[in-house]
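2 protein chains.
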Amino acid sequence: MPSIKAAIIGFGTVGEGVYKIVNEKRQQLKQHTGYSIEIASILVRDVNTKRAVAPSVLVTDSIDDILNDPEIDIIFEAIVDEEPAYTYLSQAIEKGIHIITANKKMFAKHGPALLKHAEFRDVQVGFEATTAGGIPIIRTIENLLAGDRVHRVQGILNGTSNFILTAMRDEGVTFEEALHHAQKKGFAEADPTDDISGSDAFYKLMVVSSLAFDEQPEWEEVSVVGIDHIQTDDVLEASKAELRYRHVAEIRIDDEGKLSGKVGPVLLDAEHPFYAIDGVDNAIIVETDYLGKLTLIGPGAGMYPTGSAMVADLVHIIRQLKPVPVLS
Amino acid sequence: MPSIKAAIIGFGTVGEGVYKIVNEKRQQLKQHTGYSIEIASILVRDVNTKRAVAPSVLVTDSIDDILNDPEIDIIFEAIVDEEPAYTYLSQAIEKGIHIITANKKMFAKHGPALLKHAEFRDVQVGFEATTAGGIPIIRTIENLLAGDRVHRVQGILNGTSNFILTAMRDEGVTFEEALHHAQKKGFAEADPTDDISGSDAFYKLMVVSSLAFDEQPEWEEVSVVGIDHIQTDDVLEASKAELRYRHVAEIRIDDEGKLSGKVGPVLLDAEHPFYAIDGVDNAIIVETDYLGKLTLIGPGAGMYPTGSAMVADLVHIIRQLKPVPVLS
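Protein sequences, first through last, are from chains A and B. Heads up: the first sequence begins at 416 in my numbering, then just goes up one per residue. Heads up: the second sequence begins at 416 in my numbering, then just goes up one per residue.
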């Protein structure tokens, strides 16, 4: 039985989710892919923190321990910031290591370069987890591109914003109270600026744009508005009129091939598929020439949903591997 | 440039959709798959009917013209009934021809046997178009199975029933008027029995069951209720209470591995993701261990949506093809 050795870079919620799923589903993954998968090493900031990790796993604070291990086939990257993630992944690709990332901020900016680099080095790049957590939006769009044409994508792409808007409506709490609640529940980052300012949704939209249209609009031409100016009174008044605020990111291509994108809150009625999307769920509508409108809804964050998206990338990458030549 | 020769069996709405998409997207398909794809022959009932088909395509009423053509690599099958579809596809597999089917009635019953046969003969089977038209539910579940576990699938799987329920609510028309309208629009079959009795949704549910759980419940143990007993007054009264009738098919597996399925109308409120699904749209909720609840919504029928699902299967099959050995 051939085996795959993987490393996890960044052991927060998502990294831990990947570790757990790979271990819990070891037998099933072996059966479906033909490979035995082992998490060999994990990069952390502080090696002294207690973690529920098997003693056989190398827990290190040095990236070199991972990049210089010639047995590592795949790296899962679940760091929040652009750097050092981009540098690490570039180095990994250069060494012929496949990469799977959940890092939207980094991938929005450097995804196109990483993909080119990876193609040149003949390695695979998985980025399903960068956008909409567990929802398989990347794979779905990728599959559509061979025989159809995407012309518009709209989404609720930030679970924290949606959670806050939902709490303001359902519980009548203030924006600050709802945000605090989201942080306590572990949905919002310690620094929630990217979530509530619309930047997080914007990064995801740019990842989708690169994939669906093979380019991104000029970043400064995309209007990005967050939810931080919305008052509870606005939300409750809308609710009385059976309308709901949703934070929606949208990218479209016109007949001349010009891209336009925008990110911000909108008011929707019960006929809209986004009306019923509450809490941390995400939702995306993809519009194409032949299929028409396809809507996907699911958990936009969380240890297991996002971890499962990275494991789905792992399976996909393994299935693309060229069979190892057998010496006869 | 290697090429693929395909035949279409059954040239109704769906078969014609496949023909159009393959021709309209010839260049794009070539670019994405590396293969030039040609529809070489089409099986029809009456060769004298006028059709918008290129003169180079063999239009025939004899299946032998297709099965005995050693150049045919793939067959698209879009016949409605169980037979002769099953016989034709069995013969095709026996000859090493890949098959792509949209025939839910046939595939619900014979899918497991066809898949075993295909595995033995080392050919591929695509059946995305059997269930929920253009929605990529089959590929999505297939991808989930490697690293996750599905425990429940719920769906609006019959577009005609949903169209009728929507028309009864929106226009206050009777069941018969709404059905007539659906037939005039080309959504319902000339014989709509399978649609309105729930059988069509049942067949699709059984296809999903085989895929998600590797087995089907005993057919006679699944309660199947259609929409033909629902009165306009019921629909309008529900609507006043902000409830909507939806025809929902459901299959689940319990912790002991026992399957249970049911098909029938239910009343839903605006919080349910199926509430906003109007007209001929389909919707499916897949529940898994890790991902949680994933909902897919899209066109459940139609020339282009269903045709696009078959073309997606084609692309997937081509990508699985083993590289042709090059003699050096």
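Worth double-checking, as some hints may not be accurate.
Just so you know, same-sequence chains aren't split out, so a pair can sit in one copy or run between any two.
[To be verified] With a cut-off of at most 27 Å between alpha-carbon atoms, the simulated DSSO-like pairs for lysine-lysine come out as follows: (1) K510 x K420; (2) K599 x K435; (3) K708 x K435; (4) K600 x K708; (5) K445 x K708; (6) K510 x K655; (7) K531 x K445; (8) K599 x K708.
It should be emphasised that the hints constitute simulated quantities derived from the structure, not laboratory data. Owing to the predicted nature of the structure, the values given are computational and were not obtained by experimental measurement.
Consistency of the hints with the structure:
Taking the shortest alpha-carbon separations for K510 and K420, only the intra-copy value of 14 Å comes in at or below 27 Å, while the best inter-copy value is 40 Å. Taking the shortest alpha-carbon separations for K599 and K435, only the intra-copy value of 23 Å comes in at or below 27 Å, while the best inter-copy value is 54 Å. For the homomeric pair K708 and K435, the shortest alpha-carbon distance between copies (19 Å) is at most 27 Å, but the shortest distance inside one copy (35 Å) is not. For the homomeric pair K600 and K708, the shortest alpha-carbon distance between copies (19 Å) is at most 27 Å, but the shortest distance inside one copy (33 Å) is not.
Only between protomers do K445 and K708 lie at most 27 Å apart by alpha-carbon distance; the minimum there is 25 Å, versus 36 Å within a single protomer. In this homomeric assembly, K510 and K655 never come within 27 Å of each other (Cα to Cα): the closest approach is 58 Å inside a single copy and 64 Å across copies. In this assembly of identical chains, K531 and K445 lie within 27 Å of each other by CA distance solely across copies; the values are 21 Å between and 30 Å within a copy. With identical chains, the CA atoms of K599 and K708 are at most 27 Å apart between copies only, with a shortest distance of 23 Å across copies and 36 Å within one.
Checked against the numbered hints given earlier, the structure breaks only hint 6 and satisfies all the rest.
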